[in-house]
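Take a look at the letters that make up each chain.
There are 2 protein chains.
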Amino acid sequence: MADNAVEESSSNGRRKKVVLKETRLGLSHKKDEDFGKWYSEVLVNSEMIEYYDISGCYIIRDWAMMIWDIMKEFFEKEIGEMGVDKCMFPLFVSKSVLNKEKNHIAGFEPEVAWVTKAGKSDLEVEIAIRPTSETVIYPYFSKWIRNRHDLPKKVNQWCNVVRWEFSNPMPFIRSREFYWQEGHTAFATKEEADVEVLEILEIYRRIYEEFLAVPVIKGKKSELEKFAGALYTSSVEAFIPNTGRGIQGATSHCLGQNFSKKEFFDIKFHVEIEEDGKTKTDHVHVWQNSWAYSTRSIGVMVMVHGDEKGLVLPPKVAKWQVIVIPVPYRDANTQEIFDVCAATVKTLRKAGIRAEVDKRDHYTPGWKYSYWEMKGVPLRIEIGPKDLANNQIRAVRRDNGVKMDLSMVSLVEQVKELLGKIQESLFDSAKQRRDACIQIAATWDEFSEALRQKKLILAPWCDEEEVEKDVKNRTKGDTGAAKTLCTPFDQPEMLEGTKCFASGKPAKKWTYWGRSY
Amino acid sequence: MADNAVEESSSNGRRKKVVLKETRLGLSHKKDEDFGKWYSEVLVNSEMIEYYDISGCYIIRDWAMMIWDIMKEFFEKEIGEMGVDKCMFPLFVSKSVLNKEKNHIAGFEPEVAWVTKAGKSDLEVEIAIRPTSETVIYPYFSKWIRNRHDLPKKVNQWCNVVRWEFSNPMPFIRSREFYWQEGHTAFATKEEADVEVLEILEIYRRIYEEFLAVPVIKGKKSELEKFAGALYTSSVEAFIPNTGRGIQGATSHCLGQNFSKKEFFDIKFHVEIEEDGKTKTDHVHVWQNSWAYSTRSIGVMVMVHGDEKGLVLPPKVAKWQVIVIPVPYRDANTQEIFDVCAATVKTLRKAGIRAEVDKRDHYTPGWKYSYWEMKGVPLRIEIGPKDLANNQIRAVRRDNGVKMDLSMVSLVEQVKELLGKIQESLFDSAKQRRDACIQIAATWDEFSEALRQKKLILAPWCDEEEVEKDVKNRTKGDTGAAKTLCTPFDQPEMLEGTKCFASGKPAKKWTYWGRSY
Chain A
120 MADNAVEESS
130 SNGRRKKVVL
140 KETRLGLSHK
150 KDEDFGKWYS
160 EVLVNSEMIE
170 YYDISGCYII
180 RDWAMMIWDI
190 MKEFFEKEIG
200 EMGVDKCMFP
210 LFVSKSVLNK
220 EKNHIAGFEP
230 EVAWVTKAGK
240 SDLEVEIAIR
250 PTSETVIYPY
260 FSKWIRNRHD
270 LPKKVNQWCN
280 VVRWEFSNPM
290 PFIRSREFYW
300 QEGHTAFATK
310 EEADVEVLEI
320 LEIYRRIYEE
330 FLAVPVIKGK
340 KSELEKFAGA
350 LYTSSVEAFI
360 PNTGRGIQGA
370 TSHCLGQNFS
380 KKEFFDIKFH
390 VEIEEDGKTK
400 TDHVHVWQNS
410 WAYSTRSIGV
420 MVMVHGDEKG
430 LVLPPKVAKW
440 QVIVIPVPYR
450 DANTQEIFDV
460 CAATVKTLRK
470 AGIRAEVDKR
480 DHYTPGWKYS
490 YWEMKGVPLR
500 IEIGPKDLAN
510 NQIRAVRRDN
520 GVKMDLSMVS
530 LVEQVKELLG
540 KIQESLFDSA
550 KQRRDACIQI
560 AATWDEFSEA
570 LRQKKLILAP
580 WCDEEEVEKD
590 VKNRTKGDTG
600 AAKTLCTPFD
610 QPEMLEGTKC
620 FASGKPAKKW
630 TYWGRSY
Chain B
120 MADNAVEESS
130 SNGRRKKVVL
140 KETRLGLSHK
150 KDEDFGKWYS
160 EVLVNSEMIE
170 YYDISGCYII
180 RDWAMMIWDI
190 MKEFFEKEIG
200 EMGVDKCMFP
210 LFVSKSVLNK
220 EKNHIAGFEP
230 EVAWVTKAGK
240 SDLEVEIAIR
250 PTSETVIYPY
260 FSKWIRNRHD
270 LPKKVNQWCN
280 VVRWEFSNPM
290 PFIRSREFYW
300 QEGHTAFATK
310 EEADVEVLEI
320 LEIYRRIYEE
330 FLAVPVIKGK
340 KSELEKFAGA
350 LYTSSVEAFI
360 PNTGRGIQGA
370 TSHCLGQNFS
380 KKEFFDIKFH
390 VEIEEDGKTK
400 TDHVHVWQNS
410 WAYSTRSIGV
420 MVMVHGDEKG
430 LVLPPKVAKW
440 QVIVIPVPYR
450 DANTQEIFDV
460 CAATVKTLRK
470 AGIRAEVDKR
480 DHYTPGWKYS
490 YWEMKGVPLR
500 IEIGPKDLAN
510 NQIRAVRRDN
520 GVKMDLSMVS
530 LVEQVKELLG
540 KIQESLFDSA
550 KQRRDACIQI
560 AATWDEFSEA
570 LRQKKLILAP
580 WCDEEEVEKD
590 VKNRTKGDTG
600 AAKTLCTPFD
610 QPEMLEGTKC
620 FASGKPAKKW
630 TYWGRSY
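So the sequences go chain by chain: A and B. With positions in the first sequence counted from 1, the corresponding number in our numbering is that position plus 119. With positions in the second sequence counted from 1, the corresponding number in our numbering is that position plus 119.
These are computed hints drawn from the structure, not numbers from a lab. Misleading hints may appear alongside valid ones.
As the list makes no split between identical chains, a pair holds if one copy fits it or if it spans any two.
Stated by the list, open to error - Listed below are the simulated PhoX-like cross-link pairs for lysine-lysine, each with C-alpha atoms no more than 20 angstroms apart in a straight line:
#1 239 / 221
#2 214 / 236
#3 273 / 380
#4 628 / 337
#5 196 / 469
#6 465 / 196
#7 478 / 272
For reference, chain A alone in the conformation it holds in the complex (with noise of 0.2 angstroms):
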């Protein structure tokens, strides 16, 4: 954007060319109109994302990487807590080890990459690139884990994992590579792996609610949609009011003893036990959670937030949180006011405050808050001669457009209060928009109704299996198949003789049903 608007630069007079760069700097789609090329056009104007030669691979551009990058020192610190130790294991698996536990394989193998070549000689074996690490870390699981001393043992990795997916690709959203970090653990009991699913699905609700202001909900997976070799899955699940979509915003799995029985990894611990009268060596194969999120987590923020204008960032994530903008006039004192500008970042930043000031002097300034709003920074303060003498800046709110003066006397305790409040009120708002999509449906007719109104359905339901790939067949189109998103931890109350929506049975438990990426 920024290329084409200094290239006509030069032949154009300055009034001219300032319209011409405001109207370039906007987005040609619209958020209700055609989503995804809004979605797609957000992100390439906003720099967070360019599209790449190979499909579904996606550079991600600074922008984005510096969200990834404050996630990512929360989350680092929050398992370092929990004792968790880092690592990076290889990016290529053998076939043989990859294929050892069948279901969760099964789950996997269309999706798998394979490296036959190294220069110009075929490999003897052809090895796999990643998918996800349980395969790749449960061998050496195995090994170092000997005695009931060696437990729980914990490792997160950060890395880039690879499944070669076909259709749609979506950056962020679905791509053939992507980035995230996978949590692998060994306990000696199933009570510990238990609490850990939990603490570990708490972390990623505080990484969406409180960092991306996004509202999820916390549950459990349904059997057939659970990770493919776990024992149960918990996740926690966003929606796209826009789409009528649901989508798994992170997975926190208990894979129980699938991975560590003896035909698998044989990951076991001895104990001593009592039998008979006498003491005898024994063992027991431990208890494993894996748990991750990806950067599919910017993707659903950009979603739940953007708007006409472009990116709308929580302050929590914004590289910059706020963008300070001179406001020169043709008699004032330029210089003046760039300095002025250039202090008050100082003073932002002292205390803590990601500010920026845009001091290129080749763009105007309304050109400049075209640019920063495209980017979606939350505070914008503009100074200009007026409030120079009146000892003021103007601030303007990203997420509402709200304008209001600001004395430079506490500049510093006003910012952060508006900060916080943005963050609170995109929050809330998102929340409003998601709660007021919410659907209880009691019957088929409902059920259908409300899906065709793109709502996040909540019904009562039996829990069978064969009732979800029934649902699943009966509302297949083009849009895509209804499914389980979620059962919520928080349950209604059933009322006793409540029928599942679905297939009349006696219904077991409240879950949220709805199309989903």
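Since the structure of chain A is already known, use the hints to place chain B on it.
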């Protein structure tokens, strides 16, 4: 190690157990006798590395990851201040793009890993895994850079790259997948690029000398040894006295206009020039740099400082700078000792010292001493009943084994000072050993003899590629040919009439030669 020791604990008496454990914790290979096996044993026993079932791939464990992360934090801050943006470019590169710069690809061709299949389907076009990212990134530089205002353009990514080498893999030093940062920058002028090459090289020197306590030589690579596609390559070179081999520590390349020119990536910006009294628009191709350092740096540190007891970590990069070990006696108040240990750690941490207490109760103090010596923790603090009585602690330096009693009063200051001394003395001692290996060779005979003695050879050279090739040919044997390591920026005086040690032609510069990793 730990596992084996514990397994025996139930069947052995206390005294015997200790002896057994201490024996088991030792290394079975000596640094002086079988360097390769010693290196590998230190890495595995200190829990930095685990060997993986695919040759040339390794698992990097917490103990090594922490070092990497500490260096990363420093490096990120330094390049952040230089205005370098974060990014993540894809792992994959299409064949046509990879092949664009001919010299460059010729250097990597035999090592490129190719993905040819996804699931059960053959890909239409095979796709390379990046061996480095020049060709991945530069098509987008071409897109993003249009005008003078878009320069300088600076990006950096932390990622994995793959070079499928077939010979002599070695953890950290030569592996098929490795981790690094790669910076890619573009400037309007050669002068700016030249300046940055050296700025980055200085950061690399600081990482080696100030963090890893490894002395390095800054210099320029020969034409034969420079990066494929570079105009010139600068590097920091370390030396391993035990094997008499140089090792390239990090490289900062000026790519000139090799990649930016029209026939390759056509990265240019527009300028207005005066010609025959008219203003015309022309374009200039950018000047580029790329620079990288990798996890190899950790291997170099292990090789330089490690000893017969295992790893020796410089305090600046140690996860734990201080390990506190409770030394309970049968009649003493064990709980009090453990409490004082915990309080000591708390005090040290509050002062910013990375301290930990080993409170495991299934190991003896003696076993713990060996364990933490193997892991190279710079300073051990022992606290027993006598120490309590005297309000002191016993401190033991890992680098030289010196023991001293420190008063609990002003403990923080004393520990800080000690850690500073250890850091300094590790560097000084390494530098002394490195310097003792430097040998000036004026003639071929002196050169051959110095090479036989595993020296780091400084020799006057005519700087001709054919002569370097000739030296390689004449020295090749079981232990590898000698080659240039670098031409140091810090050049000794060259007396008039000095001849090249190899060709007898007039010498142009002093250059370091030797065998290398």
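Outcome of the hint check:
Taking the shortest Cα distances, residue 239 and residue 221 sit within 20 angstroms of each other only across copies (17 angstroms), while inside one copy they are farther apart (33 angstroms). Proximity of residue 214 and residue 236 under a CA criterion of 20 angstroms is satisfied in both settings, with 15 angstroms inside one chain copy and 13 angstroms between copies. For the identical chains of this complex, residue 273 and residue 380 are intra-copy neighbours only, at 18 angstroms inside a copy versus 50 angstroms across copies, given an alpha-carbon limit of 20 angstroms. Taking identical chains as interchangeable, the C-alpha atoms of residue 628 and residue 337 lie at most 20 angstroms apart only when both belong to the same chain, with a minimum of 15 angstroms there against 68 angstroms between chains.
In this assembly of identical chains, the alpha carbons of residue 196 and residue 469 lie at most 20 angstroms apart only when taken from different copies (17 angstroms versus 23 angstroms within one copy). Only between protomers do residue 465 and residue 196 lie at most 20 angstroms apart by alpha-carbon distance; the minimum there is 18 angstroms, versus 28 angstroms within a single protomer. In this assembly of identical chains, the alpha carbons of residue 478 and residue 272 lie at most 20 angstroms apart only when taken from different copies (17 angstroms versus 51 angstroms within one copy).
No hint from the list above goes unmet by this structure.
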